[in-house]
Amino acid sequence: MYLNSIFTNPERLERLLDIAQSSFLPLLEGAIQYTIPLTLISFTIGLILATLTALARISTVKFFQIIARIYVSIIRGTPLLVQLSILFYGLPTVGITLEPFTAAILGFSLNVGAYASEVIRAAILSIPKGQWEAANTIGMSYSQALKRIILPQASRVSIPPLSNTFISLVKDTSLASFILVTEMFRRAQEIAAFNYEFLLLYSQAGLLYWIFCFLLSLVQGRLENRFDRYVSKA
Amino acid sequence: MIAINNLHKSFGDLEVLKGIDLNVEKGQAVVVIGPSGSGKTTFLRCLNILETPTAGTVAIDGHMADFSKSLPKKQIMEFRKQSAMVFQHYNLFPHMTALENVMEGPVTVQKIDRAEARAKAEELLTKVGLKEKMNEYPFQLSGGQQQRVGIARALALEPKVMLFDEPTSALDPELVGEVLQVMKELALEGMTMVVVTHEMRFAKGVADEVLFMDAGRIIERGTPQQIFDHPKEERTKQFLNLIQNADTI
Ligand SMILES: Nc1ncnc2c1ncn2[C@@H]1O[C@H](COP(=O)(O)OP(=O)(O)OP(=O)(O)O)[C@@H](O)[C@H]1O
Ligand SMILES: [Mg+2]
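These protein sequences, in sequence, are chains A and B.
Using my numbering, read the first sequence as starting at 1 and increasing by one per residue.
Using my numbering, read the second sequence as starting at 235 and increasing by one per residue.
Because the hints were derived from the structure by calculation, they are not lab data.
A couple of the hints might just be wrong.
As the list claims (entries may be wrong) - Taking lysine to aspartate or glutamate and the DMTMM-like style, the derived pairs with C-alpha atoms no more than 20 Å apart in a straight line are:
| no. | chain 1 | residue 1 | chain 2 | residue 2 |
| --- | --- | --- | --- | --- |
| 1 | B | 308 | B | 334 |
| 2 | A | 129 | B | 392 |
| 3 | A | 147 | B | 392 |
| 4 | B | 260 | B | 392 |
| 5 | B | 394 | A | 133 |
| 6 | B | 307 | A | 133 |
| 7 | A | 129 | B | 442 |
| 8 | B | 466 | B | 442 |
| 9 | B | 308 | A | 133 |
Remember, it's a predicted structure, so these values are computed and weren't measured experimentally.
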């Protein structure tokens, strides 16, 4: 048995520690080179996309509403792995070839855009109508009211659900391994394929994901505190 | 200053304003009274185009809006600048301090230099008695203080006309006076204002004219003495009885 062998065989334990140590840097490198940039870039593009989609959903123009609905429905109704496969393996058959990293950015951004748009839409709708009216009465245009009055308040409401989206995204980037992006999980796969220590390497990768997500939840707490400075603590 | 001609407003099948005509001279304070649902709020909101009237014309200080045609956005924005609204529930921006609330219009809309806008906002807040509270967020202020910030915010844009929709009706009784005092000073300085309120003392002391509105029409108008002490219309009498009785219960 695996556990048994660790405790009865000191050489085996030593080998495992060696491997853990030597694979730590490659894993971290995968994270720094791909996992983290993939997350940050996709989340940024995704949020812009999400805001535009949310605005389209609440606009009075039927055409925008319909486009936004279809987009959200398609993305939410199909598996991420299928979307990535279409972008990377499917598109080349119609002459569009994407780099693995580009395909991944595109796929994750589209995903964040769809999921976060619902969060942002709900947050915008939760701001009382009186705020729009107050903005109008001091002469603001729609875009000024949105930028100065509505979105700053909506962001406060959306921090917890958007943090969820962000943390899911960190973990979802492991799916990019499937389209040949050598992010953290793919590094773990590659190393394990070489030395057969699957349990060790996958656990190590898992631990790193967990640490990232834990750090993020700390950031979330700080952000919430910052935004809460203008609401009554009562 | 304000010339309103045959103003109509419907929400779907519900006709709320059934042809309002009114002229307000520069520097006049007009108080509007009337039963709940008679259309007072809607009337004020139409003057600031927070609701778009269905028909009629309104001219404020020479800026004319004809609502029988659909107006371009630009013209609506320009027209809106002539007046500013003070809301029943204040509607302050909760994420901005009192000072930032007042500066917001001048800075974002009028593109006035921040330092200049700040000086002006400080002056206005001092005027409404909130010099000490400038850097507080709305949640840290009492209702009366919030409403005074609301008034300062509206004044910051130097509107020709101030519109007040029951500015004291959400306030605890002991806070009503401080807000009415600010409004009274404004009136004395010659601000043209249209005020929906049931504060009789304010109406008697400050108003040049009182309008009684019922079911979307102006039923009776006159000086405060005429309306409160010698109402002619039966409905005006009934209404005044109702609010006076409520006061004595
Ligand atoms: N946005 C709206 N959509 C549909 N109906 C509305 C809308 N706003 C107001 N109404 C209706 O118009 C009528 C007049 O409302 P309004 O708020 O102007 O009355 P009011 O005189 O201000 O009453 P109160 O003294 O209670 O404030 C009411 O019957 C109300 O239900
Ligand atoms: Mg009302």
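Hints, one by one, checked against the model:
1. A threshold of 20 Å between alpha carbons decides the hint, and for residue 308(B) with residue 334(B) the separation of about 26 Å lies outside it, so the pair is violated.
2. Simply put, residue 129(A) and residue 392(B) have alpha-carbon atoms about 24 Å apart, too far for the 20 Å limit, and the pair is violated.
3. For the hint pairing residue 147(A) with residue 392(B), the CA-to-CA distance comes to about 23 Å; that exceeds 20 Å, so the pair is violated.
4. Among the hinted pairs, residue 260(B) with residue 392(B) is consistent with the structure: their alpha-carbon atoms are about 14 Å apart, no more than 20 Å.
5. A distance of roughly 19 Å separates the Cα atoms of residue 394(B) and residue 133(A); the hinted pair therefore holds under the 20 Å criterion.
6. Between residue 307(B) and residue 133(A) the CA atoms are separated by roughly 15 Å; this keeps the pair inside 20 Å, and the hint holds.
7. A C-alpha spacing of about 33 Å is found between residue 129(A) and residue 442(B), which places the hinted pair above 20 Å, so the restraint is violated.
8. At roughly 18 Å between alpha-carbon atoms, residue 466(B) and residue 442(B) fall within 20 Å of each other, so this suggested pair holds.
9. Taken as a hint, the residue 308(B) and residue 133(A) pair is honoured in the structure, with Cα atoms around 17 Å apart against an allowance of 20 Å.
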